[in-house]
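**Student:** Let chain F serve as the given structure and place chain P on it in line with the hints.
Sequence order for the protein chains is F and P. Using the working numbering, read the first sequence as starting at 1 and increasing by one per residue. Using the working numbering, read the second sequence as starting at 1001 and increasing by one per residue.
Watch out, some of these pointers could steer you wrong.
Unchecked claim - Straight-line Cα separation of at most 27 Å, DSSO-like style, residue types lysine-lysine; simulated pairs:
(1) P/Lys1359 with F/Lys252
(2) F/Lys206 with P/Lys1359
(3) F/Lys82 with P/Lys1077
(4) P/Lys1048 with F/Lys47
(5) P/Lys1335 with F/Lys122
(6) P/Lys1077 with F/Lys122
(7) P/Lys1031 with P/Lys1048
(8) P/Lys1335 with F/Lys206
(9) P/Lys1156 with P/Lys1132
(10) F/Lys302 with F/Lys289
(11) F/Lys252 with P/Lys1421
(12) P/Lys1335 with F/Lys252
(13) F/Lys197 with F/Lys285
(14) F/Lys47 with F/Lys57
(15) F/Lys299 with F/Lys285
(16) P/Lys1357 with F/Lys122
(17) F/Lys47 with P/Lys1077
Just so you know, these hints were derived from the structure itself, not from any lab.
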Amino acid sequence: MDTVKLTSKVVPELYLEAEHISPDVFAGKSNQEIGDLSVHMGNQTYKISDYFTVEGKAGATAAETKIVVAGDVSKVKYIGMKMTAGEVEVLGNADMYVGAWMEGGKLLVKGSVDSFAGIAMKGGELIIEGDAKNYIGAAYRGDWRGMQGGKIVVKGNVGSDVGSNINGGTIDIGGNADVHLATHAEGGTIIVRGIAKGRVGGQMVKGDIYCLGGVERMMPSFKYDHTEEIELDGKKMNFQVYYGDLGERHGKKKGEIIYGKIYLTAAQPEGGEGATAVKSERKAKLSEKQLEQLATELKEMKEPSVQNVREYIKKTFGIDLKPMQVSRLIDSLSR
Amino acid sequence: MSEYIIKNGTVYDPKTEVKGEVKDICIKDGKIVDKVSSKAKSIDAKGKTVMAGAVEIHAHVAGPKVNEGRNYRPEDKLFTYQPGGKNTRMAGGFSIPTTFKTGYEYAKMGYTTVMEAAMPPLYARHVHEEIKDTPIIDEGAFPVFGNNWFVFEYLKNNEMDNVMAYISWLLKTTKGYAIKIVNPGGSEAWGWGENCTTIHDPVPYFDITPAEIMKGLLTANEKMGLPHSIHVHTNNLGNPGNYKDTLDTFKLAQGVKPNNKFGREQVFHHTHVQFHSYGGDSWANFESKAKEVMDYVNSNKNMTIDLGCVTLDETTTMTADGPFEHHLTTLNHLKWANVDVELETSSGIVPYIYDPKIKVCAIQWAIGLELALYSKDPMRTFITTDHPNAGPFTRYPRIFKWLMSDKSRQEMLKGFKNSDKVMAATTLGSLDREINFYELAQMTRAGPAKALGLTDMCGGLAPGMDADVVIYDINEGKIKDPEEIEKAFSAATHVFKAGTLVVDNGEIISNGNKRTFWVDAKVPTNTQVERDVQMKFLKYYSVNLNNYEVSDHYVANPYVIEVEN
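So that you can see chain F by itself, here it is in the shape it has in the complex (with noise of 0.2 Å):
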């Protein structure tokens, strides 16, 4: 395999698009051709040479061209977009939409990434050692088909709306993940090694989101079926499976309605009905002689903001409300 290698020379002003950075697009062609390829930055359209030094050899077909991508590239953005085949590499940090539509190859970004990694994506293996934003494996704006195939792995945390209208393939995160993950999936696998924050797996249809740190708080719509053993990275661990989103349609296979799934690890003893899947840090509240000293201290403010009582809170009982927590006291007190 012959390596290109691309050493980020100028941080671009604003973003540079620059989806020909792709073995499929630099296969066959020298370095003056690849330094002569389109990338854009607003409404200009620049050469890769005027943003990159280009070095190395691309190989005669993109499976045998790797890519290095070097330096600053935290604004550039469609690194490996639709690739087919070969391997890029980039050692820092990336912007939005690395490996979108990517087909079939091996991306590995070093860094983090930002939002749309892998978005619609069909084969091939997208690998970030850092973070990632919103919609990774997701579908474009509007578009109902999200991650089909191929596998995307995350070691760190990852944003909101993960893997939404996933239908295949399979997305590993390492660390948390926020809300709406896999919102309307109809297929696929997820599996969150931290905590699952909310809303997971909201108007899902079928496949498995794999929960290991638990979820914060489920949605209603899903309901606890039983507990099944099952093996996950060679482990056989003990599973509490939801069925859900019994808001949505459900097909059936054989007789028997599909349902997309949540697994839950049984840390608690077999579940049964009452078994609860939350596992937030529990709610600060205040006693009831607290919220007396509170209600005689709220009269004595003349305007009392949501601000000033937070931090009376704070000050006089230890205790750390949220804004909103805070404004319903007032509400409620005042009254």
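**Tutor:** Just chain P now, with coordinates in the frame of chain F:
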């Protein structure tokens, strides 16, 4: 204006009955003329095909539902954008292209007149704003009448004068062209969560049947002598076994004679007949009834149809048939938009993938082509895709290819996943007819122009007519590969719009001087209708009457067709 002479082209023009003769076509001051001076610019069309500009009789290209389709389907535009050029603006989209792309793509295929097939009167301003932004092509829009409360009430009381006065008022107010009827009664019933599935299903509350609505509007249309006939999309679209309802609808026009001064010979146009020619009683035994439908059309000369060919693409269905779109979204589970347009109509949008691997889609594809091949009178059978419902209009050249080449059809039929089932449910495999260039000109030019009452203006190359002329780089006698047909008709080498060269060597060089056609049908003053309109606006409409009318400044370069009666 400049003079042109198109030399030695092989001309196909049903209007003047020229069937592939080598001839010169002269253009002067925007019109076709017999001869031009020696200063005329000469274009060599030797070995090429020359036809009039094509006329689109039914497409959804402007207005609120088209725009909502664009809004809610960003994925339709993905990777399709073309930057602007010297004479063009940025253009994109596939099944629901931007207004600019609509104009450019039609022009590049040699289409110069296009009719927007369903204009909700309440949103007529939006329709005209988009028409204004669609370059090159002449356009008109058909307001929908088939679910209108005024029409229901007047017809129920048998007040024909009032129906005509209301039609006249609405055409003038919305700057509309013809009477469009979509799922008569059914779209109104949809407001009750119901539908009219046969033409004798009464509409809730109004207690009038679709048959009465269509017959009433047909009678009014002929009494008024409008340039186009009623333009119908009947009940029960898209369901197995619906061909019976279609034939019932056709029979409403039986024996009625046309009355107009525009050379129109039909009293009834049925659109996208492909969606209405289904046999069987479920998707399992779904089959083609194209022959039964066309047997009727062939023997009744007072009606015309257009095809609504399925092109096997991913597209966006949109229609004023609200209940049908709901039915569709429960079938394919894709996103659905739905609107109730107050006293007038409803509307729905659902993306749809006509997948050749699916049996039903392949049968639908075959039915569209069968209709054309069974037709004995190409002057009454027009090629459409009901853009974008059965496929985008940009696929017309592909349909031409299928109609003109048995070989290409057989290849398609054999390539389907369910090939045997498709062949068993249709008769396409046994039809070896190949449409020739003259018939194509009838189906896409002279025919639709005549049906629209524009036969003396466009769709032909007779002296005195608008100089809409197209040159295609193809020679009928020398086609070796059917792909050449699709290629040539996708990209006309030259297109003249009313004497202005708009496409030169396949490139847009001018935005022409587009016009908007509308019909001003004169009727005696009718104070009852005037009062009824005011009352309905006070009582029911969400807008003021003054904010309803499409005033002149909305209409791009208006061309008024006046009808005296």
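**Student:** Check each numbered hint against the structure and report the violated ones by number, ascending.
**Tutor:** Of the numbered hints, 4 and 9 do not hold.
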